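Undergrad: Please build the complete structure, drawing on both the sequences and the hints.
For the protein sequence lines, the chains are E and C, in the order given. For the first sequence, the numbering used here gives the first residue as 3, with consecutive numbering after it. For the second sequence, the numbering used here gives the first residue as 69, with consecutive numbering after it.
Misleading hints may appear alongside valid ones.
Said to hold, decoys possible - Covered stretches of chain E, as calculated for chain C (at least 3 residues, CB under 8 Å):
id, stretch
1, 168-180
2, 186-199
3, 264-276
Quick caveat, the hints were computed from the structure, so don't treat them as lab data. Quantities reported herein were computed from a predicted structural model and do not represent experimental measurements. Backbone N, C-alpha and C fix where the C-beta goes; we use that ideal spot for every residue, glycine too.
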Amino acid sequence: MSSSPEVRGRHAGKPAVTSGSAAGTATMELPPAAKKIEGRSPWRLALERLRKDRAAKVAAGTITVIVLCALLAPLIASWIGHGPNQQFIDTGLDAEGNPLAPSGTFFFGTDSNGRDLFIRVLYGARISLVVGVLATLISVALGTFFGLVAGYLGGVVDSLIARLIDVVLSIPFLVIAISIAYISHPGFWLVVFVVGVLAFTYPARIVRGQVISLKEKEYVEAARALGAGPMRIMFIDLLPNVVAQVIVYGSLLIPLAIVSEASLSFLGVGIPPPTADWGAMINDASGYYQAGFWWYLLFPALALLITTLAFNILGDSVRDAMDPRGAGIYE
Amino acid sequence: MTRFLIRRIGQAILVLFAASIAVFLLFFVGPGPNQVARTFAGRLGTPQRILEIKHALHLDQPLYLQYLHWVGNLLQGNLGFDYYKGQSVNTVVAQALPATVSLVLGAAILWIAYGVFSGVVSAVRSRSLLDRGFTTAALFFYSMPTFVLGYTLIFIFAYELYRVTKFFPFSSYVPLTTDPWQWFVHLILPWLTLAMVTAAAYTRLTRTSMLDVLGEDYIRTARSKGMSERRVIRVHGLRAALTPVVTLAGLDIGTALGGVIITEQVFGIPGLGWTIVQAIGQQDLPIIMGIAILAATFVVVANVIVDIMYAVLDPRVRLH
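TA: Next comes the structure, spelled out in structure tokens:
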């Protein structure tokens, strides 16, 4: 996926480095002392730093609320008595067939089809979160695999993978994505697949760089001396040591995937209607909001913005927590 | 340097070659030759016409010959013929390109100027109130989907504040050659939209890079020589810190020239991005393929230019 300025993929700033060597010192045997001294793993240190981060707590709280909204959407829908795709031709539209403003019956107003926007925004969270997480899992899995192989094997394999990444990056993400969505019919899994596969280049580059420096470490040399093959070294010895980095990077890929999905749906090649989707809802609203139907645009746009913002803030905090050298930069 | 150039350009050609195969496979092999011919013929295509097109595109020949023919045309600068509009793709692209170039270059000036300025201020006054403001704004706009920002700006400036800001038209594009003032006015909101969402990455990159550079020994040396802080930052700091920023700018501009799809879509600017979205709606394959391969060329060329600039600025790069 190419980092077009629109779907921003390039993360400025330093990637976190939590090297495996720190783990050794933390689990060392401790001298018997009067007071029990607890060993603290880098993970625990990171978690403790994260707990002290106020922005991270707010972001995590927001994400929890969004996840709850997504999970409870059907319950809330049945409690209010409005389905996500149910059209209220008589009560949800005014005499001229226009959307209704927010009221006691329709908390966020209605859309141009007389559907309840509140319920649709709640249901939209499901698509955004599920696509965001699934696509990120795909890109992280692919990226880690290619990064490990390229970094460890080097040589021709590395060059081939580097060129593959160049090719994927050469065609702007949205151009490939809408083209693929065009030749095969758009749908949920296609969107997950396209967004996930095209983003593999970012974790691949990070993991490759990390592996190139890690493979010179003594423990890799020791493993090789013991007769371990490349597969074992890559997936048993090296993989656990790049996991921290992958988590940091993955947490920053989720908001990117969410925006990518919303952009595809906004362009009409994402999740097909009538499924409630924030990008598609914003697209629907684009013909209405100027004429005074502000709620139609406001609520889905706000939901999307809050979600990406929360994930980006949390991702930044996770990076800072795992990389003490950079900690506090964005406090 | 010559060897570096040859190797770098060789790589670029290889990537473009692979990209052309990818685009070719996606469109020719994916839907199959019959479907391609039918799509090219358009809705009113008679069987006779479909046969003609199949022959004209060499679709009755083996795949590799089809590919060679297509690439042969590309190498001569011929992007293909659009049966839907009855025009050559070159004409369609030539019509769309000025709008995209106007949008991208104007926005690039804004995002680079703001990004570098805010990044440098943030780094020099690290942890000040100003730094916090800039980094928070960067995070905010970094998270902002382009279409959300675009519609928000349109809503605020072209509708709500219409009485005050009468000069903000809410959409469409006026060519520079038709009316320079209207061209400028029509592009203000699109420029702001594209620049604000892109600048965030520049603020952060410049800040990190500048902080790194300011920690270097030679900066301490410069300061201990008694050089003024202003001069230390401008002459020694900025030059070193801006190298990664230049790289990012080159790549971003290259990518954006291939079509800023969402900004063009939101503001109704008939550039390459808008054209490709229209083409997808109309199932207009030659346009999609032409713009896709053109976009790839922009990115690859931008990459080469950036690498050469980098090698000139930093001789160590040439060795890798």
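Undergrad: Against this structure, judge whether each hint is valid.
TA: Hint-by-hint comparison with the structure:
For the stretch 168-180 of chain E, the assignment as covered by chain C holds, since 10 residues bring a beta-carbon within under 8 Å of that chain's beta-carbons and 3 suffice. For a cut-off of 8 Å, the count of residues in the stretch 186-199 of chain E with a CB near a CB of chain C stands at 1, and the three-residue condition is violated. Interface restraint, the stretch 264-276 of chain E with chain C: holds (6 residues with C-beta to C-beta distance below 8 Å; minimum three).
Of the numbered hints stated above, the single one contradicted by the structure is hint 2.
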